[in-house]
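Asks: Model the full structure from these sequences, guided by the hints.
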Amino acid sequence: MSIFNRAEIVDQNFRAKVAKGEFPFSATDESAIRNYPPHVLVDVFESQVMSRHADLSARRLRERAASFYTIGSSGHEGNAAVAKMTSPQDMAFLHYRSGAFFMQRAKQYPGSTPLYDMMLSLVASADDPISGGRHKVLGSVELNIPPQTSTIASHLPKAVGTALSIQRAKLMNLDSHLASDSIVICNFGDASANHSVALTAFNMASWCAYQSLPLPLLFVCEDNGIGISTPTPDGWIEQSFRNRVGLHYLYCDGLNMVDSLRQTEVAVRIARKKRQPVFLHMKTVRLLGHAGSDIESMYNTTRNIETTESNDPLMHSARILVENHILSREDILNMYDSMRRRIDRVGEIAIMRPKLLTAKEVVASVIPPMKVEKSRPFPDEDTRKEAFGGDWKQLESKHHMARLINLGLVDQLLQYPEMILFGEDVARKGGVYNVTAGLWKKFGSRRVFNTPLDETSILGAAVGYAHNKFIPVPEIQFLAYVHNAEDQIRGEASTLSFFSEGQFTNPMVVRIPGLAYQKGFGGHFHNDNSLAIFRDIPGVIVVCPSNGYDAVRLMRTCMDLAYRQGRVCIFVEPIALYMTKDLLAPDDGLWTFPYPVATDSASFGDPIVHGKGDEVCIVTYGNGHYLSQQAVAKLGGDYKDAVKIIDIPWLWNTDKTKLMNAIGDSRRVLIVDECRKTGSFSEGLVTDIVEYYSEHHKPLPHLQRLTADDCFIPLGVAATVVLPSCDGIMGALQNMMQKENGQSKPSENRA
Amino acid sequence: MSQVSSRKTALVVCPGRGSYGRNELGYLRRYGQDLTGFWSEVDAFRKQKKQPTVTELDNQSEFSLSLHVPGENAAALIYCASYTDFFSIDREKIEVVAVTGNSMGWYTALGVTQSLPGMAGFEVANTMGSMMQGGIIGGQLIYPIADENWVPQADMKKNLEGFIAEANQLGEAYVSIYFGGYVVVGADDKAMSFLMKALPKVQDRFPMKLPGHAAFHTPLLRQTSEKAFAALKPSLFHKPNLPLVDGRGSIWQPYSTDLEALYDYTLHHQVTQTYDFSKAVTVGLKEFAPDVVILLGPGDATGGALGQIMIENKWLGCQSKQDFIARQSQQPFVLSMGREEQRSVVV
Numbered sequence: 001m002s003i004f005n006r007a008e009i010v011d012q013n014f015r016a017k018v019a020k021g022e023f024p025f026s027a028t029d030e031s032a033i034r035n036y037p038p039h040v041l042v043d044v045f046e047s048q049v050m051s052r053h054a055d056l057s058a059r060r061l062r063e064r065a066a067s068f069y070t071i072g073s074s075g076h077e078g079n080a081a082v083a084k085m086t087s088p089q090d091m092a093f094l095h096y097r098s099g100a101f102f103m104q105r106a107k108q109y110p111g112s113t114p115l116y117d118m119m120l121s122l123v124a125s126a127d128d129p130i131s132g133g134r135h136k137v138l139g140s141v142e143l144n145i146p147p148q149t150s151t152i153a154s155h156l157p158k159a160v161g162t163a164l165s166i167q168r169a170k171l172m173n174l175d176s177h178l179a180s181d182s183i184v185i186c187n188f189g190d191a192s193a194n195h196s197v198a199l200t201a202f203n204m205a206s207w208c209a210y211q212s213l214p215l216p217l218l219f220v221c222e223d224n225g226i227g228i229s230t231p232t233p234d235g236w237i238e239q240s241f242r243n244r245v246g247l248h249y250l251y252c253d254g255l256n257m258v259d260s261l262r263q264t265e266v267a268v269r270i271a272r273k274k275r276q277p278v279f280l281h282m283k284t285v286r287l288l289g290h291a292g293s294d295i296e297s298m299y300n301t302t303r304n305i306e307t308t309e310s311n312d313p314l315m316h317s318a319r320i321l322v323e324n325h326i327l328s329r330e331d332i333l334n335m336y337d338s339m340r341r342r343i344d345r346v347g348e349i350a351i352m353r354p355k356l357l358t359a360k361e362v363v364a365s366v367i368p369p370m371k372v373e374k375s376r377p378f379p380d381e382d383t384r385k386e387a388f389g390g391d392w393k394q395l396e397s398k399h400h401m402a403r404l405i406n407l408g409l410v411d412q413l414l415q416y417p418e419m420i421l422f423g424e425d426v427a428r429k430g431g432v433y434n435v436t437a438g439l440w441k442k443f444g445s446r447r448v449f450n451t452p453l454d455e456t457s458i459l460g461a462a463v464g465y466a467h468n469k470f471i472p473v474p475e476i477q478f479l480a481y482v483h484n485a486e487d488q489i490r491g492e493a494s495t496l497s498f499f500s501e502g503q504f505t506n507p508m509v510v511r512i513p514g515l516a517y518q519k520g521f522g523g524h525f526h527n528d529n530s531l532a533i534f535r536d537i538p539g540v541i542v543v544c545p546s547n548g549y550d551a552v553r554l555m556r557t558c559m560d561l562a563y564r565q566g567r568v569c570i571f572v573e574p575i576a577l578y579m580t581k582d583l584l585a586p587d588d589g590l591w592t593f594p595y596p597v598a599t600d601s602a603s604f605g606d607p608i609v610h611g612k613g614d615e616v617c618i619v620t621y622g623n624g625h626y627l628s629q630q631a632v633a634k635l636g637g638d639y640k641d642a643v644k645i646i647d648i649p650w651l652w653n654t655d656k657t658k659l660m661n662a663i664g665d666s667r668r669v670l671i672v673d674e675c676r677k678t679g680s681f682s683e684g685l686v687t688d689i690v691e692y693y694s695e696h697h698k699p700l701p702h703l704q705r706l707t708a709d710d711c712f713i714p715l716g717v718a719a720t721v722v723l724p725s726c727d728g729i730m731g732a733l734q735n736m737m738q739k740e741n742g743q744s745k746p747s748e749n750r751a
Numbered sequence: 001m002s003q004v005s006s007r008k009t010a011l012v013v014c015p016g017r018g019s020y021g022r023n024e025l026g027y028l029r030r031y032g033q034d035l036t037g038f039w040s041e042v043d044a045f046r047k048q049k050k051q052p053t054v055t056e057l058d059n060q061s062e063f064s065l066s067l068h069v070p071g072e073n074a075a076a077l078i079y080c081a082s083y084t085d086f087f088s089i090d091r092e093k094i095e096v097v098a099v100t101g102n103s104m105g106w107y108t109a110l111g112v113t114q115s116l117p118g119m120a121g122f123e124v125a126n127t128m129g130s131m132m133q134g135g136i137i138g139g140q141l142i143y144p145i146a147d148e149n150w151v152p153q154a155d156m157k158k159n160l161e162g163f164i165a166e167a168n169q170l171g172e173a174y175v176s177i178y179f180g181g182y183v184v185v186g187a188d189d190k191a192m193s194f195l196m197k198a199l200p201k202v203q204d205r206f207p208m209k210l211p212g213h214a215a216f217h218t219p220l221l222r223q224t225s226e227k228a229f230a231a232l233k234p235s236l237f238h239k240p241n242l243p244l245v246d247g248r249g250s251i252w253q254p255y256s257t258d259l260e261a262l263y264d265y266t267l268h269h270q271v272t273q274t275y276d277f278s279k280a281v282t283v284g285l286k287e288f289a290p291d292v293v294i295l296l297g298p299g300d301a302t303g304g305a306l307g308q309i310m311i312e313n314k315w316l317g318c319q320s321k322q323d324f325i326a327r328q329s330q331q332p333f334v335l336s337m338g339r340e341e342q343r344s345v346v347v
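If you read the protein sequences in the order shown, they are chains A and B. Following this note's numbering, the numbering of the first sequence begins with 1 at its first residue and continues without gaps. Following this note's numbering, the numbering of the second sequence begins with 1 at its first residue and continues without gaps.
Mixed in with the good hints, there may be bad ones.
[To be verified] Here are some chain B residues the structure puts well away from chain A; computed CB gaps all over 10 Å:
no.	residue
1	Gln-48
2	Met-132
3	Lys-279
4	Gln-342
[Stated by the list, open to error] PhoX-like, lysine-lysine: derived pairs with alpha carbons at most 20 Å apart:
no.	chain 1	residue 1	chain 2	residue 2
5	B	Lys-209	B	Lys-157
6	B	Lys-239	A	Lys-107
7	B	Lys-314	B	Lys-157
8	A	Lys-355	B	Lys-314
In case anyone wonders, no lab produced these hints; they're calculated from the structure. Glycine residues also receive a C-beta, built at the ideal position from the N, C-alpha and C atoms.
Replies: And the structure:
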C-alpha cells in the first residue's frame, strides 16, 4: 500500500480500528444524545458511510479511468446532520463536499436513488439525472437541491436571494416554489469564506437582518482548516464571524454527530422560527487530500496527515454507537463492508451506462426547453387604465425612450404578478434617469424596491428570487458596475440550465443603463462602452434597443422568454438615448415614438430594417443606429435611396440567416459599433458575414467597421472623440461609395 | 480490504395477490417440506380463527375459485408459498442484498426479513387478507400502459389517467398499483363500472377486472387501515435483517429502521395509497445493483412486470420484450422460483 494512497489508508484504518475498538477521543459534550433515538444516530452514520464509500469508489474507478471526479466529502460527513434536521422543502445550495448531506436528504424522498445517481455523476454518464453527464454536481429537483457549479462560493449571494424571497412571496400571495415556513441552506468551506462573493453575501445577510428583514438562512461553514494547501489561521473563522451584526453564530464539532445534530437543531430553529440568518461553524477535517490528483504529502507532514486521519468523523460516529450500545463493532463493520460491496456493484453498472458523445448532445441544455406553451395574457384594458392613471391618455402621444420604457414596465408589472423590480435607487427616486419613476408608488415596495450598493448582491438576489418562481428584473445602475458582479451571470445564472439539463432555470431580465454619448458628462464609469463580457456566455440573451418604441417591444419579448423558457436576458439601455427626442434639429421630435399597442412585441432574433437602399448597408445597434439615421439624413436624398440601415437589437442572438437576407445584394456593408474595436460585437459580425458569403459561394461585399477606439471614455468635451460619430459615419459612407465607384456619387452609380 | 464474495447477489421479489392459481395447487406440499414445523403453527393459527388450514387449502384435489381466490385464503397461501421459497434459496451461492414485494408481497417481505419474525408475518398477512371477509370494498382492474412490445407509452398512461379523472365524477377511482407495463386501478362500484365500459379494449384482454380483489392501496380502504391498527400491535415489528424496499421506493435498512415509522407505513400508507411496485423494483435495481432478481413463488406472473420495469430503465441493455426474452434465454436475470428450470439455479 502506497503512503500516497490515503484513500486506502483511511479505509483500512477504519476497519482495523473499529475491529479493535481503538476509537479517537472526543472532549465534545455528548449529553444531547438522549434527544436522539438510536435509529436516528444509525441513520446519520449510514449516510456518512454511503458518502465515504462513494468517495473511495470514485478513487478506485479513477485508477481505471472510469470516473472523472475525485473531490470528495471525506471528513465532512458531519453535514449529514444538517440534512437530517431539515427537509426537502428547505432549498439547499451545496458545495462539493456534501455527499453525506445528499445521501441523508435523499432518504426523505421515497423512490430516490442517491447512490446510483452519484455514481452516474462520477462516471459522467448521460443518464445522470441532474446534469446528464455534463459535470459532477450535487443536485436534484425532487430534493430541492439546485446544482452548484461553483467552487468559489459564488452560490452564496443567491442563497441570500432565495431566503429573502420566501417572505416576499408570502406577502405577495405568490404561488411560490418554497413554503412560507421553509428555510434556505448554504454550505461552503473555510477557505471559501474569504472569497469576495462570500463576503458580499454575509454582508447582505447582515444588512437585511440588521433592519429586521426576515432572512431564514442557514450558512454552514465547514471548517477543515485548509484551503487546498494553504492553512486557515487558527481561530480565523470564529473571530471573523462570531460578532457579525445580525448573524447568529453557532459552533459545532462536525466530527461528532451528536453535537452536529444538536447545534444544527438549534440553528435550524432560529432560522425557521425567528426567520433570521445563522452562521453555523462546523469543524471538520479534510481526508484524502483536496482531490485525487492532490498529493498532500508534498505540502504537509506525514504526522499532520495521520493526526487528521485519526480524527475521522466516521470513527467518532462508530465510537458513539458502540459506547452507547446502539451497534456492536461487528454490526458497524458489517454495515461498512456491505455498503462498500453495494457501491462497487452500483459503480460497475454505472460505468456501462451511456455517455454524452456528440457536441449536439452536450450543447442541448445550454438553452432550457420551452416550459410554458402560451404567453401570459396581456392585462385587460380596465386594469391597465387604473394602473396607468393619468398616463393612460399619454400612451398615444410620442415619447422618448426613458418614458416609453417606464410605461412599458407598468404593463409588464401588470402582466406578470411574479415580476419584481429592484436595484440601486429604483424605488422612490425612480432611478438615476427616472426610468422607474412612479412604479414604486403604483406597485408598492414589495414589487419595486431598493437594494444596497452592491451589484453582486443584486444579481445574486435575482438568481435566488428566480429559484422561488419570481421573475426578477434587477437594475445595474451603470454598465461599468456590472463588471465586479459578472460571475453571477457568467458562472451562476447562465450555467444553471446547462448543468441541470434544463430542469432548473433562473429567469430574469437584467436592465443595465449603459454605453456612452451622454452629453456634457463623459467619464468612463458612467459611459462604459464594453459589452464584451456578455459576448461569449452561452445561452444568455443580450438586447440593446435604439429607440423607445423598440425598447418596449423588446422588453415584452424578453419577459415572455423569461416566463416561458426561463431565459436570462440582459437588457442594455443606451443612456444617451433615454431623453433624446430629436434627430436632426432641435424640437424635430424625430426620435420620439408612440407607445406600442398591446399586441406588439419584437420577434426574437429579428433584425429591424430601415430603408430599401441596396448600395450600402449599415449594420448597427443602439446609439449607432441613431447616429446612422442622422448621417444618412444629413447626406441627403441620394444617400437615403442608396442606404439601408439594419438595426440589430438582439446583437449576437440575431438570426443570422435573416440578417444576411436583409443585407441581400448590398455590395458595401458598413458596421457601426459604438463599443471598442477589440472584443466588440462587430468582430464577430464580420466573421459571420465572411463565413456566410464563403459558405454560399457569394462574392464578399466590401466590409468596413466603424468602432470606438480601444480606450476608456474621457471626461467632458473629449467624451465622444474616441467614439463613432455622425460625421464619421457620413465620411465612411462617402469613402465607401467613392472607393467602389471611382469618385462617383450614389445616384451616378445607379444611373 | 473487504471480503470478495463469489456468491451471486440477488434482489428478492415477493409476489402479490393472484399468484396462487390452478397450477400452484400443491405448491407447499411440493416445496415446503423443510418447514413443517412452521406449517403446524400456521395451521393452528388458522384453526383458531375458524379458517381452513393452509395445508388443507394447498392439498385440495382441485382448484376452486370460491375457496382459493378469496383474500382470507389466498393471502395465507401466497404468504406461505413465498415464505417457503425464500428459505429454499441456497444462501451458500446466493447473497440476498435486498427484498421487495408487490402489494401483499410487502407483508411477505417483512416476514422473510424477520421484520415480522416467525408467526408475526403470517399473522399480519392473514389479518390483512381477511379484512374483506364481510364484503369486498370496491374492486381492481388492470390496464396496460406499455405497448405489446413492453415499451412504456406515455400517451397510454395519460389516456388512462384521463379516464380515471372522468370516473371520479361518478365515484372514486385511483391508481392502486404501478405494475410494470400495467396500472392496477382501484375503484368503487360506480367508477369501476364506468371504467370497464369506457376504457378502450386493447391487447384482447384489457381492461380486465381482477376477481375477488378489493380496491387495495386506495383511500377507499381507510377503514381497513383503522381496523388494522386496532388488530395489529406495533410490538410485532422488528428491524429487518436485510434491506427492504417498500411500495414507495423507500429503503428500510437493517440497522437504522424506525420501527414506529415502519408500523405506520405498513398499516396506513401502504394500505390507503398507491403501491408503486415499479418504483420499488427500480430502486432495488439501481441502489443494490444485484446480479439477479429472484421472484419468489407461487407462480411467475410477476416476471412480465419485472421485465417491463427493466425495459423502462433500459436495465442491462433491455429495451424491448425481445431483448428481455433473449437475455432470459441466454443468462436469465429474473429467476422465477415458480419455474422449475429457474428454481433449480437458486435452491
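Asks: It remains to establish, for every hint, whether it holds in the given structure.
Replies: Status of the hints after comparison with the structure:
| no. | hint | in the structure |
| --- | --- | --- |
| 1 | Gln-48 | holds (34 Å) |
| 2 | Met-132 | holds (27 Å) |
| 3 | Lys-279 | violated (5 Å) |
| 4 | Gln-342 | holds (22 Å) |
| 5 | B:Lys-209 x B:Lys-157 | holds (18 Å) |
| 6 | B:Lys-239 x A:Lys-107 | holds (17 Å) |
| 7 | B:Lys-314 x B:Lys-157 | holds (19 Å) |
| 8 | A:Lys-355 x B:Lys-314 | holds (14 Å) |
Consistency note: the structure conflicts with earlier hint 3 alone.
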